[in-house]
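Trainee: Residue numbering for the sequence shown follows our numbering, starting at 2 and increasing by one per position.
Keep in mind the hints are simulated off the structure, nothing from the lab. Each residue gets a CB set at the ideal place from its N, CA and C atoms; glycine is no exception. Among these hints, one or two may not hold up.
[Stated by the list, open to error] List time: in silico SDA-like cross-link candidates among lysine to any residue, alpha-carbon distance up to 20 Å:
no.: 1; residue 1: K77; residue 2: V39
no.: 2; residue 1: K77; residue 2: K88
no.: 3; residue 1: K119; residue 2: V39
no.: 4; residue 1: K77; residue 2: P43
no.: 5; residue 1: K88; residue 2: P151
no.: 6; residue 1: K220; residue 2: A245
no.: 7; residue 1: K220; residue 2: V272
no.: 8; residue 1: K119; residue 2: N4
no.: 9; residue 1: K88; residue 2: G161
[To be verified] Distance windows between CB atoms, simulated:
no.: 10; residue 1: A184; residue 2: G121; range: 27 to 33 Å
no.: 11; residue 1: E174; residue 2: E42; range: 18 to 24 Å
no.: 12; residue 1: E225; residue 2: P99; range: 25 to 31 Å
no.: 13; residue 1: G121; residue 2: V264; range: 39 to 45 Å
no.: 14; residue 1: D147; residue 2: T46; range: 39 to 45 Å
no.: 15; residue 1: M218; residue 2: L71; range: 46 to 52 Å
no.: 16; residue 1: K77; residue 2: P99; range: 40 to 46 Å
no.: 17; residue 1: R273; residue 2: L44; range: 37 to 43 Å
no.: 18; residue 1: D73; residue 2: A150; range: 31 to 37 Å
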Amino acid sequence: MTNDPYLWGQVAAANALSDVFAMGGAPRVALNVVAFPVSCEPLETLRAVLEGGRDKIGEAGALLAGGHSLDDEEPKYGLVVFGEGAKDRLWRVSGARPGDGILLTKPLGTGIMITAVKAGLASAEEQEALEGTMATLNDLPRRLPDSIAPALRACTDVTGFGFAGHLLDMVGESLDGEVDLAALPLLPGVMGKSALGLVPAGCYRNREAFGGRVREMRKYDAHESDILFDPQTSGGLLLAVDPAAEDAVAALIPGTRRVGRFVEGSGGLMVR
């Protein structure tokens with residue numbers, strides 16, 4: 002993903018903090034979980050990873066209270082995050098209503114672009130955009146004014162199951178999601194990389210798992226629809242928002258896009 006240990010720590014922390022933000026909560030305490038090959042890697046690398054995580058936790062307004070470490074052959078870093086939120090302000094995956102807008106707060110394509118970086122086929126500008134989005138906090142809850150909070154009906158963060166998998170989780174059995182493929186925000190260069198076949202294995206697994214519930218209203222090439230199934234690292238928030246408040250909510254997070262709407266249905270995703 003990156004050769005910068007400080008950035009790795011930031012991305013790992015942003016990814017872990019996202020679970021609390023996606024429920025409308027505020028992160029309070031975090032614990033590190035780290036594995037590191039102490040016999041063959043310099044401790045300066047580990048220090049940089051932990052500093053990246055610590056700084057991102059501080060940016061989120063939380064406290065790093067310690068953690069656990071072990072000697073392992075391969076470096077690993079993650080966090081456990083504890084948060085809190087008011088009962089009447091907690092967001093859940095379910096709760097969308099017919100007519101609600103579908104908003105997405107970050108561009109898609111991290112899985113494809115990570116694959117391109119590993120292959121040495123991403124430009125410096127493309128890699129910078131990738132790293133920037135992965136290290137960005139999904140801190141919508143602390144930006145959301147009380148006056149429009151009730152308009153946000155449901156939320157989840159887009160991670161390993163990709164855009165399609167997480168949206169299908171939101172529609173349940175009584176709704177469909179209508180999505181405009183052209184409206185999806187994308188990382189620079191992602192469609193070109195997909196056309197070259199630079200697609201992670203998780204994309205194919207997601208397509209196999211969820212593809213039967215996705216209806217393409219016009220024929221797309223596989224590399225165009227790959228973006229629906231691309232697994233995300235530290236992806237954005239996927240929101241169900243009252244149509245009257247869409248613009249106000251979108252303005253809170255730069256780059257947020259309206260990508261479709263929820264309609265009555267039977268648990269599918271329609272792509273236009």
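Trainee: Does each hint hold? Answer for all of them.
Mentor: For each hint, the structure was consulted:
1. Using a Cα cut-off of 20 Å, the hinted pair K77 and V39 holds, with the two alpha carbons roughly 12 Å apart.
2. Simply put, K77 and K88 have alpha-carbon atoms about 34 Å apart, too far for the 20 Å limit, and the pair is violated.
3. Between K119 and V39 the CA atoms are separated by roughly 25 Å; this puts the pair beyond 20 Å, and the hint is violated.
4. For the proposed pair K77 and P43, the alpha carbon gap of about 15 Å is at most 20 Å, so the pair holds.
5. As the CA atoms of K88 and P151 are separated by approximately 13 Å, the hinted pair is consistent with the 20 Å bound.
6. Distance check on the hinted pair: K220 and A245 sit about 32 Å apart at the alpha-carbon level, beyond 20 Å; violated.
7. Among the hinted pairs, K220 with V272 is consistent with the structure: their alpha-carbon atoms are about 10 Å apart, no more than 20 Å.
8. A threshold of 20 Å between alpha carbons decides the hint, and for K119 with N4 the separation of about 10 Å falls inside it, so the pair holds.
9. For a cut-off of 20 Å, the pair hint linking K88 to G161 is broken: about 27 Å separates their Cα positions.
10. Checking the proposed 27 to 33 Å range against A184 and G121 shows it holds: the Cβ atoms sit about 31 Å from each other.
11. At about 48 Å, the beta-carbon gap between E174 and E42 misses the expected band of 18 to 24 Å.
12. Distance hint check for E225 and P99: the Cβ-Cβ separation is about 28 Å, which falls inside the suggested range of 25 to 31 Å.
13. The hinted range of 39 to 45 Å is satisfied by G121 and V264, whose Cβ atoms lie roughly 43 Å apart.
14. In this structure the supplied range 39 to 45 Å holds for D147 paired with T46, their Cβ-Cβ distance being about 44 Å.
15. Checking the proposed 46 to 52 Å range against M218 and L71 shows it holds: the Cβ atoms sit about 50 Å from each other.
16. Distance hint for K77 and P99: a CB-CB separation of about 43 Å, consistent with the stated range 40 to 46 Å.
17. Our hint of 37 to 43 Å for R273 and L44 is violated, since their Cβ atoms are close to 53 Å apart.
18. For the hinted restraint 31 to 37 Å between D73 and A150, the CB-CB distance of approximately 43 Å leaves it violated.
Checked against the numbered hints given earlier, this structure breaks hints 2, 3, 6, 9, 11, 17, 18; the rest are met.
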